[in-house]
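Use these hints to put chain R onto chain G, whose structure you have.
Protein chains in written order, with this note's numbering: chain G, 173 to 291; chain R, 17 to 157.
Just so you know, not all the hints are guaranteed correct.
To be verified - Here are a few chain G residues that face chain R, going by a calculated C-beta distance under 8 Å: (1) V180; (2) N196; (3) I262.
To be verified - Far from chain G, by Cβ distances over 10 Å, these chain R residues were calculated: (4) F22; (5) R31; (6) E76; (7) E93; (8) L101; (9) D135; (10) E136; (11) K140.
As the list claims (entries may be wrong) - A few chain G residues facing chain R, derived, Cβ under 10 Å: (12) F194; (13) A197; (14) I228; (15) S229; (16) S230; (17) A231; (18) L233; (19) M237; (20) V259.
For the record, the hints were derived by calculation from the structure and aren't laboratory data.
As the structure is a computational prediction, the values presented were derived from the model and not from experiment.
The beta carbon of each residue, even a glycine, is placed where N, CA and C say it ideally should be.
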Amino acid sequence: MADLSISVRQVGDVAVLLPAGFINAHTVRDFEDALEKLVQDGRYMILVNCKDLNYISSAGLGAIMGLIETVREHEGDILLSNLQDNVFAIFDTLGFTQLYRVFSDEEQAMAAASSERQS
Amino acid sequence: MDHAQFRLIIPSQTRYLNLVTGLAKRASLVAGLDDAAAAKVSIAVDEAVTNVILHAYGGEGEHSVELELRFTEQALEIHIWHSGLGIRGDQMVLPDPKEYIKHPRKGGLGLLLMSRFMDEVQFKADEVSGLNECCLIKKIS
Chain G
173 MADLSISVRQ VGDVAVLLPA GFINAHTVRD FEDALEKLVQ DGRYMILVNC
223 KDLNYISSAG LGAIMGLIET VREHEGDILL SNLQDNVFAI FDTLGFTQLY
273 RVFSDEEQAM AAASSERQS
Chain R
17 MDHAQFRLII PSQTRYLNLV TGLAKRASLV AGLDDAAAAK VSIAVDEAVT
67 NVILHAYGGE GEHSVELELR FTEQALEIHI WHSGLGIRGD QMVLPDPKEY
117 IKHPRKGGLG LLLMSRFMDE VQFKADEVSG LNECCLIKKI S
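Pulled out of the complex, with its shape left as it was, chain G reads as follows:
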């Protein structure tokens, strides 16, 4: 099995990114490329569903950090859902749960994105 595989699907205005496996310095380029492609395509509302993400290092956090300003400048956002305990611990320990909106599941994240579009 590859260290990381990434799939993307579009649900309404939201691009849902599903990384599966490990994001570290070896695999981060693929993750970064996937995020950058969405931004280049003008898809600024992004949900990273982490249900199959077993692990993320600071390299992965850096990839998200590197694009957060760009998507927010375009009235989009990067949302996170379904974080496993160890992945949540990394975000939470660094205080990043204040910077990103984290949802327990994709349904809640989509509802939040939907109500935002309507407001």
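The following block gives chain R in isolation, referenced to the frame of chain G:
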């Protein structure tokens, strides 16, 4: 538990990170840490070895990174040696998370994660061998 130690030498290539972090996690469980603590040790080791590969060796893959795991009754120690550029403890500047959140940017988080997830993080240079060392210590509670 008897004191025990063993060593692993890997090429300075990120493709081996997963191997090393898996080992660190398993070693943590053997040492008596719980799953959550083992995951944190695993992340800290990832960050330390990544720093060696990307920064100490500048991404050059033909060097070696040597890891030693030491099990004692009080702690799990992970020593990481390399012959690249070293940093001293007084050069270890941790970003302020609050400032980081106000001004997001890439990089700088690895040391912070290491220091938050381990009980001790030490950087040393051995003048005799010429090797630099990063030592990570997790206490067994």
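A quick look at each hint next to the structure:
Using the Cβ-Cβ criterion of 8 Å, the hint placing V180 (chain G) at the interface with chain R is not satisfied: the shortest such distance is roughly 22 Å. Checking N196 (chain G) against chain R by beta carbon gives a least distance of about 5 Å; that is within 8 Å, so the hint holds. Checking I262 (chain G) against chain R: minimum C-beta separation of about 6 Å stays under 8 Å; hint holds. Every CB of chain G is more than 10 Å from the CB of F22 (chain R) (nearest about 23 Å), matching its label as outside the interface.
A Cβ of chain G approaches the Cβ of R31 (chain R) within 10 Å, the least distance being about 5 Å, so the stated non-interface status is violated. Listed as outside the interface, E76 (chain R) is consistent with that label: its C-beta sits roughly 14 Å from the nearest C-beta of chain G, beyond the 10 Å cut-off. Every Cβ of chain G is farther than 10 Å from the Cβ of E93 (chain R); the closest lies at roughly 21 Å, confirming the non-interface assignment. The claim that L101 (chain R) lies off the interface holds: its Cβ sits roughly 17 Å from the closest Cβ of chain G, which is beyond the 10 Å cut-off.
Every Cβ of chain G is farther than 10 Å from the Cβ of D135 (chain R); the closest lies at roughly 14 Å, confirming the non-interface assignment. For E136 (chain R), the condition that its CB be more than 10 Å from all CB atoms of chain G holds, with the nearest at approximately 17 Å. Distance check on K140 (chain R): its Cβ is at least 22 Å (rounded) from any Cβ of chain G, clearing the 10 Å threshold; non-interface status holds. Given the 10 Å rule on beta carbons, the hint for F194 (chain G) holds: about 6 Å separates it from the nearest Cβ of chain R.
Restraint check, A197 (chain G) versus chain R: the minimum CB separation of about 4 Å is within 10 Å; hint holds. Look at I228 (chain G): its Cβ gets to within about 9 Å of chain R, closer than 10 Å, so that hint holds up. With a cut of 10 Å, the hint placing S229 (chain G) at the interface with chain R holds, because the nearest CB-to-CB distance is about 5 Å. Hint status for S230 (chain G) relative to chain R: holds, with the closest Cβ pair at about 4 Å, below 10 Å.
This hint holds: A231 (chain G) has a C-beta 7 Å from the nearest C-beta of chain R, less than the 10 Å allowed. About 6 Å separates the beta-carbon of L233 (chain G) from the nearest beta-carbon of chain R, less than 10 Å, and the hint is met. At its closest, the beta carbon of M237 (chain G) sits 5 Å from a beta carbon of chain R; the interface hint therefore holds under the 10 Å criterion. Taken as an interface hint, V259 (chain G) checks out: its beta carbon lies about 9 Å from the nearest beta carbon of chain R, inside 10 Å.
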